[in-house]
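Colleague: Sequence:
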Amino acid sequence: MTSTQFLEKLAAYVPMPVAQAIHHQPQPLTGPKYRRFPAAVLFADISGFTRLSELLSRAGPTGAEELTQLINQYFTRMIYIVQEYHGQVVKFSGDAITVVFPLETPDPTQAVSMQTAMRRAGECALEMQSKMINFAEMTTSQGQASLSMKVGLGVGDLLECSIGGALGRWEYVIAGNPLVQVGAAEHHAQPGQIVVSHRAWAVAHPFFSGVEMADQEFVVLDRAFETLSKVPTVPLDWNRLNPEQRRLAETALLCYIPGAIKARLDEQAEWLAELRRITILFIGIGGFDYDSQEAGPRLQNFLQAAQEVTYRFEGSLGKVAMDDKGTVMLILFGAPPFFHEDDAARAVACALGLQVVAQERHLRMSIGITEGAIFAGPVGAPNHREYTVIGSPVNLAARLMEYGRGGSIIISERVKEKIGSRFMIDNLGNLSVRGSMRPTPAFLVTGERGVQDEIFNRYLLHDDPLVGRKAELEQTRRLAARARKGNLQLLFLEADLGLGKSRLAAELVREWMSEGGVGYGSKCVSFGQQVSYQGWREILVAIFGLTPAFSTEQKIAHLVTGLTELPTPPDQPRYWLDRLPLLGDVLGLDLPDTSFTRHISAELRRDNTFAVVEAILRHQAGRHPLLILLEDIQWADDLTLTLAAHLAQALVGSPILMGLLYRPEANLADLTSAITLPYAHAMRLLPLSEQESLDLVRILLRGRSVPPEVEEVILSKGQGNLFFLQEITNRILDALDNQKKQTTDLLETLDLPDTIQEVILARFDRLSEEEKLTLKIASVIGTHFQRLLLSEVHPMIDAQYRLPEQLDRLENENLVRLEQPAPKWEYVFRSVIAQEVVYEGLLLAQRRQLHQIVAEALEHIAPDAVEQLAFHFKRGHDWAKALHYLRIASQRARRENANNAAIGYYSEILTCLENLSPTNLVTTDYWDTLLERAKLYNLIGWRDEELEDLGTLGVIAEALNDDTRRALAARQWAQLYETSGDYQSALEITERFVNLARQLDDKTLLGQGYNCWGRLLYLRGQYDTALDYLQQALDLAEQSGDVSAMAASLNNRGLVAYYQANYDAAREAFQKSI
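Residue numbers (the working numbering): 96 to 1169.
One thing to keep in mind: the hints can contain errors.
[Unchecked claim] Taking lysine-lysine pairs in the BS3-like style, the calculated list, with each CA pair at most 27 Å apart, reads:
| hint | residue 1 | residue 2 |
| --- | --- | --- |
| 1 | K871 | K357 |
| 2 | K871 | K976 |
| 3 | K104 | K357 |
| 4 | K1030 | K1098 |
| 5 | K1167 | K1098 |
| 6 | K128 | K104 |
| 7 | K128 | K357 |
| 8 | K580 | K565 |
| 9 | K325 | K226 |
| 10 | K511 | K565 |
| 11 | K871 | K104 |
| 12 | K650 | K565 |
[Claimed, not checked] Simulated restraints on C-beta separations:
| hint | residue 1 | residue 2 | range |
| --- | --- | --- | --- |
| 13 | E606 | L772 | 22 to 28 Å |
| 14 | P664 | L781 | 18 to 24 Å |
| 15 | Q1079 | N1010 | 38 to 44 Å |
| 16 | E103 | P133 | 25 to 31 Å |
| 17 | N1056 | N1010 | 21 to 27 Å |
| 18 | N1056 | E1086 | 20 to 26 Å |
Hints in this document: simulated from the structure, not taken from any laboratory.
Backbone N, C-alpha and C fix where the C-beta goes; we use that ideal spot for every residue, glycine too.
Given only the sequences and the hints, what does the whole structure look like? Please build it.
Modeller: Quick look at the structure:
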């Protein structure tokens, strides 16, 4: 039964007028709905948002998260003000909101006059401006920022539409002259101003004072003569509905909910927000007359067609809005619940389809397409919000749309890199776009080309090294030899993405062609699964020599010529020509039926289509041995696979090698009959071994010598995946060429290539929402995690009972594996990369929250796991707890001689201290930690780092006015000079150390000084003087009972005696020191 709480959650994501109408009459929409109504309209836009956005963009995706938090503070404040004046927020547009103040309401007793509606709008605008003082000065992670607001007011009749309906998804759109008024008024406004259209001022002037602008079309609102009494808005009471009405209301509300929200309604709002890699289409549409009587039906006709195109490619319609510039749509690829490796290609294909929709309806359309990691999630107030995307790629898409003209599709450089050669592209050079300080590379999409040239050029021009596939290559050669002798051979080649299917196929193509054979190939695409025969289309296009430049008539002429070459039954010369329309079905050509095809059943049509393709391939094989490659058949449609199964039996005795390449998730049920044939051969590629991976990496490094830890990182992240190894190696090569950091620091901060992230995210998005949440929490725990700890921190009800099934599913998806069974139940991410990608998708606030929860649970489950506790408390920003455990971890690392680990812990201790007292780092605690790190830098020979720490130690010691720490700093300087071989400088600084120790009357420090002095003198060959100082050091150590100092002095005395060839004295000193 639908709860009132669930209805409230749904209603928050639905435009206010829609929620009110459904509350008044809970009935799902069955068709488009239009109405015109009078209203006052308010449009509020933030000034300074672009500057704030650019400022926070320096922080990358985390800046988008911070930007969203700030904008939500703004929206929450403004929406509550709007509701106090009975306004209805109908659209969010990035940083702007559109509000209507209708005269009519579902309750006729609440209707008001236009004067009252205008007064509400004007007084609301004045109060909103008064509250902007709270946003005038803001502190961000990137510096200070200031926001102000511009407001436009208008009045008149609005067109309200609920349109679309494809797949049951309806869009709420308002349009009409008042929106043109408010858009133009806002453009005329200065920050802090409220500008009223001339038409709205005619209604408002008895109630407000204002100043007419120079063009006399607009008035700047000043103040209200008298204010209306505020009547609190009564929240919608869903409790008044009976159970059946609540069920109907749920169905009605869901029709307006975006898929990204609908798929995850069980999650808390804070878990809906995330950082995602998304491809964005900003679409400007011109040609609608919203004042005409046909505006609503015409908009419905367009939007339903646009939805169908968008959903065919599994995109998401983000929003439809109308302003003074026209109609704007936002379409997203990669938003929940869909993510695909080829989202960029889907987006461009969708854009081409949308242009056809626009042209057929005599509309002008300009499209900008960009891609990047952006914030995606709800913005607004708790009781009214909207799913949106924020980030510089979104802004750039809008600018590219503005730059274009009717019929244009302009894409960013990142999109161009991702779509390959499937589309025809013109380089527009560098554009100067609004909001960007630097020229922006842009490209114009002019059409789609076939993939045939792309495939065989890619195979024949492949220059990637082939490593570790010797046995598989030998097997393909044997199959090719049999096929060339007239024995049909089938090769079923299975491998996960990146393991080298295409690379092995490239060798097969090269050798086949060199032996005089011909070959044709096709690559199925994930968004073509609804296209009949998609896997065979490009093969037949290539056989008949068709090109995109051909007209339909030219294509038909080529097909007719080709069919006339086929042998026909003696009494039926037009046998194949009568079946020409069937070939059109395969090629996607709409050809008129012949007398034969007009009346045959669907089954006969399919059988005859198979026969046509069979005849064409048999004829081709009669000329030259024929290689057919169908790649990525996990995305093939049913007819592509059933045709392949038919040909696998029908073409026996032909010199044909048919290769079918696919990933493990492919459903091959339609190929069952072919797989079991005696001449069918299955081959599965496994990840490269560690040695094969290392061989490949060294080839890719092109003779460049890199530290062992670099190779280790590549092998660890690459996991034997050819594609991953290549991408990561290339990224590391680029980073090393430009690095200014230590190699270890660089590797820790190295970003994963986008291509790899997309592979992981595509697999991740196949999971249910609960499984996704489980994987996110596991990624916070680390690459290894135990089921017990996961169940302790998981917010899911009955987690301990439901997790086993979920973890089984994650194992089946090859995302995790069981490392240790009961009783430990420890799991590990199959790929370090998978853990990193999932973790990076969490917002910073989500990460901090989860790390804190994990740390608190670990304290009870494993209190001795100090390293893990330190890690999680630090990531959770519990600096005090993190400091406690980091100190224990650093001591443990020092005891175990794990110097690099200890250095890391000391650095993290310093970070904790900086966060606990950001305005005062002049503390003994900070100084002491810095000294310990400097000692370790000296021990492992990191001179530059030690020098930097010693400089800071000196500054802080002076600020503390602490002679003891001045002395200790001097001692460490002496140690640095000594280990660097500069004994003279070491002696000079040791003298300063000894003098400070005498002033302090600190016998321990003085003894250390004498010991250091003596050691430096014997290193310079001044043995007698050295012995004097070492004796003084020994005397002081004996007086204080400092055994460690005694041992050090005796050891140095033994060394002096040894160098003096006094071996008995040396032996005695060494024995005493032990």
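Colleague: Hint by hint, say whether it matches the structure.
Modeller: We went through each hint and held it up to the structure:
| no. | hint | in the structure |
| --- | --- | --- |
| 1 | K871 x K357 | holds, 19 Å |
| 2 | K871 x K976 | holds, 24 Å |
| 3 | K104 x K357 | holds, 11 Å |
| 4 | K1030 x K1098 | holds, 22 Å |
| 5 | K1167 x K1098 | holds, 22 Å |
| 6 | K128 x K104 | holds, 24 Å |
| 7 | K128 x K357 | holds, 22 Å |
| 8 | K580 x K565 | holds, 23 Å |
| 9 | K325 x K226 | holds, 17 Å |
| 10 | K511 x K565 | violated, 35 Å |
| 11 | K871 x K104 | holds, 24 Å |
| 12 | K650 x K565 | violated, 43 Å |
| 13 | E606 x L772: 22 to 28 Å | holds, 24 Å |
| 14 | P664 x L781: 18 to 24 Å | violated, 50 Å |
| 15 | Q1079 x N1010: 38 to 44 Å | holds, 42 Å |
| 16 | E103 x P133: 25 to 31 Å | holds, 30 Å |
| 17 | N1056 x N1010: 21 to 27 Å | holds, 26 Å |
| 18 | N1056 x E1086: 20 to 26 Å | holds, 22 Å |
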